[in-house]
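Each chain is listed here by its residues.
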Amino acid sequence: EVQLLESGGGFVQPGGSLRLSCAASGFTFSSYGMIWVRQAPGKGLEWVSVINGAGDRTNYADSVKGRFTMSRDNSKSTLSLYLNNLRVEDTAVYFCAKGMTGWTNKIDSWGQGTLVTVSS
Amino acid sequence: DIQMTQSPSSLSASVGDRVTITCRASQGINTYLAWFQQKPGKAPKSLIYDASSLQSGVPSNFRGSGSGTQFTLTITSLQPEDFATYYCQQYNSYPITFGQGTRLEIK
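These protein sequences, in sequence, are chains A and B. The first sequence begins at 17 in the numbering used here and counts up one residue at a time. The second sequence begins at 10 in the numbering used here and counts up one residue at a time.
Since the hints were made in silico from the structure, they are not lab data.
Okay, the calculated bits of chain B under chain A, using three or more residues with CB under 8 Å as the criterion:
(1) 57-64
(2) 95-101
(3) 105-116
All C-beta atoms in this analysis are idealised placements derived from N, C-alpha and C, irrespective of residue type, glycine included.
Construct the entire structure; sequences and hints are all you get.
Rendered as structure tokens:
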């Protein structure tokens, strides 16, 4: 059974940084692309970023490009999202999701999410 | 950017009803479309990919159809556990975009 467990969320002031992690199990981690999606309180879903299975190809939403960095450690089946220069509008629940192939935004499984709150 | 517009934004229905949610893309996306279900305080759940393929474990009363710019999610014979918010997502091109959601409530 696919399991995705996010961690690392919390409260941070504008301009601050956080590192989100997603621990994966139940599948061959390195074979699948991974995606981050966020959801601001009371709002809809917003795509954030994607990484391929090998970890050498990424793509980001314009709203986070240059501030967020996605990476993965296939030896530990762990996905990371580094959030820098955070803004109030980055406040959201961040979900990691599993892609259906090595490089895709087609999602089949989701983690439970981790809340990031950016406020002064 | 490709805009995804869902209609209606909300609807009320009864257990046993058949409902249809529409998702329209601002430009053609072939069949690169997925549908998700989300209940309050929970993670989304993947229902359909490639416009009409059912994810593993999803009941057969969920059906997706469409291609190009017009897509539908049909739920035949609504069950109590189907009341939730539904989102469509295009993965044809960057940036990946979602519809604004359709809230399905019990009448």
